[in-house]
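Protein sequences, first through last, are from chains A and B.
Each residue of the first sequence is one higher than the one before, counting from 1 in our numbering.
Each residue of the second sequence is one higher than the one before, counting from 1001 in our numbering.
None of these hints come from the bench; they were simulated from the model.
Yeah, the Cβ is synthetic: ideal placement off N, Cα and C, and Gly gets one too.
One should not assume that every hint holds.
[Said to hold, decoys possible] Below, a sample of chain B positions facing chain A; criterion: calculated Cβ distance under 7 Å:
{"hint": "1", "residue": "Val1005"}
{"hint": "2", "residue": "Ile1014"}
{"hint": "3", "residue": "Gly1016"}
{"hint": "4", "residue": "Gly1017"}
{"hint": "5", "residue": "Phe1038"}
{"hint": "6", "residue": "Lys1044"}
{"hint": "7", "residue": "Leu1052"}
{"hint": "8", "residue": "Ser1058"}
{"hint": "9", "residue": "Arg1062"}
{"hint": "10", "residue": "Ala1078"}
[Claimed, not checked] Far from chain A, by Cβ distances over 10 Å, these chain B residues were calculated:
{"hint": "11", "residue": "Glu1006"}
{"hint": "12", "residue": "Arg1024"}
{"hint": "13", "residue": "Asp1037"}
{"hint": "14", "residue": "Ser1046"}
{"hint": "15", "residue": "Ile1057"}
{"hint": "16", "residue": "Ala1059"}
{"hint": "17", "residue": "Ile1061"}
{"hint": "18", "residue": "Arg1063"}
{"hint": "19", "residue": "Gly1064"}
{"hint": "20", "residue": "His1083"}
{"hint": "21", "residue": "Leu1104"}
{"hint": "22", "residue": "Arg1134"}
{"hint": "23", "residue": "Glu1147"}
{"hint": "24", "residue": "Glu1160"}
{"hint": "25", "residue": "Pro1183"}
{"hint": "26", "residue": "Pro1185"}
So you can see what is in the structure, the chains are spelled out below.
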Amino acid sequence: MTDDVEISSAPAEAPPRYRASGDVGLVTPRDFTYRNEFRFQSGQILPEFTLRYETYGALNATRDNAILICHALSGDHHCAGWHSPDDRKPGWWNNLIGPGKAVDTRRFYVICANVLGGCQGSTGPLSINPQTGRPYGILFPFVTIPDMVRAQKHLLEHLGVSELHGVIGGSMGGMQALQLAIEYPRFVRRVLAMATTGRESAQAIAFNEVGRQAIMQDPAWNRGDYARESGPRVGLAIARMMAHITYVSDASMDRKFGRRKKENANTSAYTFDVQFEVEGYLRHQGQSFINRFDANSYLYITRALDQFDLTQAYGSIERAFAGVESETLVVGFTSDWLFPPEQNRDLALALLRAGKRASYAELDTDLGHDSFLLESEDLYGLVRGFLEREQPYEFDYSI
Amino acid sequence: MNRTVEKRTVDMEIIGGWVEPNTRVLDLGCGKGTLLDFLVQTKKVSGVGVDLDFAKISACIRRGLPAYQGDMIAFMRAFPEKHFDRVICSRTVQELSDPTGVILEALRVGRALTVGFVNHGFWKNRINMLVRGRKIRNAVYTTEWFESRPANPVTIADFEHFCALKGIRIARRAHLAGNWHDPCPGLPNLLAGYALYDLAR
Chain A
1 MTDDVEISSA PAEAPPRYRA SGDVGLVTPR DFTYRNEFRF QSGQILPEFT
51 LRYETYGALN ATRDNAILIC HALSGDHHCA GWHSPDDRKP GWWNNLIGPG
101 KAVDTRRFYV ICANVLGGCQ GSTGPLSINP QTGRPYGILF PFVTIPDMVR
151 AQKHLLEHLG VSELHGVIGG SMGGMQALQL AIEYPRFVRR VLAMATTGRE
201 SAQAIAFNEV GRQAIMQDPA WNRGDYARES GPRVGLAIAR MMAHITYVSD
251 ASMDRKFGRR KKENANTSAY TFDVQFEVEG YLRHQGQSFI NRFDANSYLY
301 ITRALDQFDL TQAYGSIERA FAGVESETLV VGFTSDWLFP PEQNRDLALA
351 LLRAGKRASY AELDTDLGHD SFLLESEDLY GLVRGFLERE QPYEFDYSI
Chain B
1001 MNRTVEKRTV DMEIIGGWVE PNTRVLDLGC GKGTLLDFLV QTKKVSGVGV
1051 DLDFAKISAC IRRGLPAYQG DMIAFMRAFP EKHFDRVICS RTVQELSDPT
1101 GVILEALRVG RALTVGFVNH GFWKNRINML VRGRKIRNAV YTTEWFESRP
1151 ANPVTIADFE HFCALKGIRI ARRAHLAGNW HDPCPGLPNL LAGYALYDLA
1201 R
C-alpha cells in the first residue's frame, strides 16, 4: 500500500476534518493480549501475543454485525478515523469506512487489527523476547497468513463476536479474508477480497525478494539484530521505493509526474542528483516508510505472502474452498499488475467450481494494485450492495 | 420499505416452466439479474450470471445474485462438462460475436441450453425493413443502431438451420405471437415475434 492517500484541505470555517459527517472521528487503538501459548504453523511457539486493534460502531445484541478489515503488507490497524485532531491523514481506508459510508459504522461493528508479526503495536520481531530481554529480531517465529488469521480469531472471540457479517481485505488482506473463510467456515458469512490472489506468483515473490535483499545486504541489518531506532534504514527505504512502483502503474505515474523536473534540481543533465519529480517522490516514500516500519517485520510479512499458495496447501484450489460456507465477492482492477485481474477471476471461478456462491467484479482503473483504495462511487456501491442485501425484488405475476 | 417490483414476462414464465427446481443454472448475459432472480425465487435454483458490464454485475450483487463480470466463453472454459444443469441465453444470442462457440461451449458445460430471441422473420419486422427501411425497435432492441452493440438479425428459420447443421437436438420450442404473449398459431418464422428453444446435445 502506498502512503500517498491525498486529503483535500477543508476550508477554514468548516468543522475539523475529524468531526466531518460520515467520519468515525477520533479513535483510540487498544491492545488485546492472548495469554495462552500460541503455536505457529511452523511449530514455533510464543508464550502469549498481543494484537493492537481498533473498532468503530457497536456490536449488536445478537453479536453478528461485525466486519473484520484485514490490512495489506504495510498497512495497520488504523483503517478509519483520526488518532488526534492534528493528524495529517486519517486511517488508510477512511474513504470506505464510516457512518453512512460503504462500510456503514451505524450498522456494522468494524474491527481491524495489526497482524501478528507486524510492527504497529502487535507482537512481532520488534517485541521483546523474554528469554533474552532484547527484541526477537529474526528469532521471531516464522509467520504465515493462517497464523495471522488464527491470531485474529482469538481477538474476535475476545470481543464477543459470534459470527462475522463479513471480512474485507485488499492484497494481503484479501488472502487473510479467504483464509478465514476456509478455516472458520461457519464463522464467516461474507468474504470481500480485492486485488488479491490465491497463490503468490513468481513475479510477486521476485519483487519481495529484491526488497528483502535490499534490507539484508544493508550492513546495519546485522542479521536482524539492531536497536529499534537504528537498523537497515537504507535497505528498508530501497525496498519500499521498489515495492511502491509495483503498487501503482505506468499510466498513473506518468499522469502524476511525467518527466517533470524537480524545481531546485541541478539544471545539468549530467548528474546523479535527484532530477525528476518521480525520483524525489520515491525517495520521500522510502524515507517516510523507515520512520514507521520495521525491517525485520518487512522480511517476515513478505515471506508470509510468498508462502501463500492455497493450491499447494490443500492439494487443489477447489479442495481449499470445499468447506467454505460464506458468500464471496472478488474484485479485480484492470491496471493491477501485482495481483492481476486474472488471478482474482481465478478465485471466483474456483469457488464456483466448488459449488459455492461467488461473484467477480472488475473495475476499470489505471491506478494499479492500490486501486482498491480508490475513491470510486462504483466501488462503494458494489461494497455496500454486497454487505447490505436489498429486500428481495418482487415480481408482478400478472402476465 | 422501498420495494422494487418487476414485471414477469411470458418468456420468463416459459423458461421457468422448463427449469427443474433446485438445479444449477448459468445465465449468459444476465443483465441486472431479473430472470435469474425470478428463477431463484420460483424454482430455488442456485444460479450464477455472466455479463460484461460492471453496472449490471453490481446490480446482481445488490440483489444477492452471484454474478461474474467477464467473457462468457472464457468463463465456461473454466468449468468441467455438465457442471450446470441448464445454461440460459435469453435475449443475448443476437449480440454474440461467436454464437457457434458460445452455444457449443454452453452445451458442453450444461446438460441443457435454453435460448430466447426476437424473430427477425416476423412479418412486421420484415415489413418494417421493407417499407420503412429502418432497424427494428422493441423491448430487446431498445436503442438506435448507433447506440447498440452489433447484433445479428436472427430468424427462427436461421436458428433451426443452425441446429440442424450442428446436430443439436431441439428438445422443446415455444413460439410467441407478435405481442410476445399469446402462442403463435403456426408458420412461426412469419407469425412469431419471439422464439424460445430448449437444446441438448
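What are the numbers of the hints that this structure violates, sorted from low to high? 2, 3, 4, 6, 7, 11, 12, 13, 14, 15, 16, 17, 18, 19 and 20
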